[in-house]
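Visitor: For chain A, the structure is supplied; the task is to place chain B with the ligands on it using the hints.
Residue numbers (our numbering), protein chains in the order written: chain A, 1 to 160; chain B, 1001 to 1288.
Hint data in this document are derived by calculation from the structure and do not stem from the laboratory. Mixed in with the good hints there might be a few duds.
[What the hints assert, rightly or not] Distance condition first, Cα-Cα at most 25 Å in a straight line; then the derived DSS-like pairs of lysine-lysine: (1) A/Lys10 to B/Lys1002; (2) B/Lys1208 to B/Lys1176; (3) B/Lys1002 to A/Lys6; (4) B/Lys1268 to A/Lys33; (5) B/Lys1028 to A/Lys6.
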Amino acid sequence: MTEMRKISVKVNGKAYEAEAEVRMHLADFLRQKLGLTGTHLGCEHGVCGACTILLDGRTARSCLTLAVQVDGHEIMTIEGIADGDTLHPLQEAFRDNHGLQCGFCTPGMLTTLIELLRDNPDPTEEEVRIGISGNLCRCTGYQGIVAAALDAAKRMRALS
Amino acid sequence: MKPPVFSYHDPRSLAEAVSLLGRLENAKVLAGGQSLMPMLNMRYVLPDHVVDLGRVEGLAYIRDDGEAVVVGAMTRQRDIEFSPLVKEKLPLLAEAILSTGHRQTRNRGTIGGSLCHLDPSAEQVTVAAALDATLTIEGPRGRRTMPFAEFPVAFMTPNIEPDELLVEIRLPAWPKGHGYGFVEFARRHGDFAIASAAALLQVDGSGKIARASLTLGGVDTAPLRMTEAEELMVGQVPDEGLFRAAGEICGRIEAMDDALVPASYRRKLAAVMSRRALVLAQGRVERP
Ligand code: FES
Ligand code: FES
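Next up, chain A with everything else stripped away, as it sits in the complex:
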């Protein structure tokens, strides 16, 4: 017997309401019910980090969260990072440092780094590597991602 619930959630500052099966995880809810397909699903068991979003300002794996659990909460996804057509400095830094190739891991990398750089605006290389240790990238070899994160930190410090 399928049990449905109505879920009200704010995503990237916008209020949404949709019905979903209680067993649906948040990533599927964002992608299928809200049409926000920027959040990617790699492993669906908490290993790859591609599905990382921010839940009330803290990163979480959306494949390990049920949609019903976020009823009444606030989410930020990759779609909420840029300011309209203006890229976030983190996105600029990824472009300039070869921080992505196929782009599959990128939404999770960026959401993870948004939290990391917010909590620690001047991280060491080691802190960046530990920070993204829960995000798998099969393309870049991570060097470009680490360089992009450090470059973004510098750009963001200059702005603040």
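Guide: This is chain B with the ligands only, laid out in the frame that chain A set:
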């Protein structure tokens, strides 16, 4: 990779949660979800009901009761990581929590969830054993407390009834200036440890070890308190040779054997990890 069909319950109070567990058949408790959700997605578990504790009031806190730090079962691992009280009173836990998953999973994962999941390689499980934690369990027959040593009954099987909930963990603090060390070996940062060791040392005015706690994680079906090694060290002046001897005792345990890691390798790691944890702890001792 989608969870199976289940009914979802989100009680607001502990009483409501306990009464749900008492009347629902084949129910699973959802705490932070960082172990249960993968198991649901992979359909390793097929519950008819999921009881989510996420909206139950009053289960997340970190308090000082003088001799111990008392932690609510639904306290997120992130809040333990960033707690000044934990850093001051339970530095072993503060160090170990950094090896628990990743920031994204610590933001959701809870200490109570980890203890009840009881993975023998989980850092919080090893630390609970090392610190002689006391657990408070609530059920339809009331509250009971249990020393952590009595909690594991078999591999990943806690001593708790299906209608009971772990609500609080009491972690006794060691005196100021004690040495602590947590080390683990995993293939990648944040992975499950193949072997880990937690060491606590208290040194008296004459420089001898007054009290020692040594625990191995990941090597057996539950964390192993190495009492024989602890007894060997108490009363001795700490040095490399003593820690090597303690490590050798750890290298003689009956370790788990699995498809990826043979028991002989776990034993070797147990000896090395325990020695390293002791050396680390000794280096952090502040003499009275
Ligand atoms: S899809 Fe969520 S961690 Fe891989
Ligand atoms: S850019 Fe392809 S997986 Fe990271």
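Visitor: If a hint holds in the structure, say so; if it doesn't, say that too.
Guide: Against the structure, the hints come out as follows:
{"no.": "1", "hint": "A/Lys10 to B/Lys1002", "result": "holds, 24 Å"}
{"no.": "2", "hint": "B/Lys1208 to B/Lys1176", "result": "holds, 16 Å"}
{"no.": "3", "hint": "B/Lys1002 to A/Lys6", "result": "holds, 19 Å"}
{"no.": "4", "hint": "B/Lys1268 to A/Lys33", "result": "violated, 51 Å"}
{"no.": "5", "hint": "B/Lys1028 to A/Lys6", "result": "holds, 22 Å"}
In this structure, only the earlier hint numbered 4 is contradicted, and the remaining ones agree with it.
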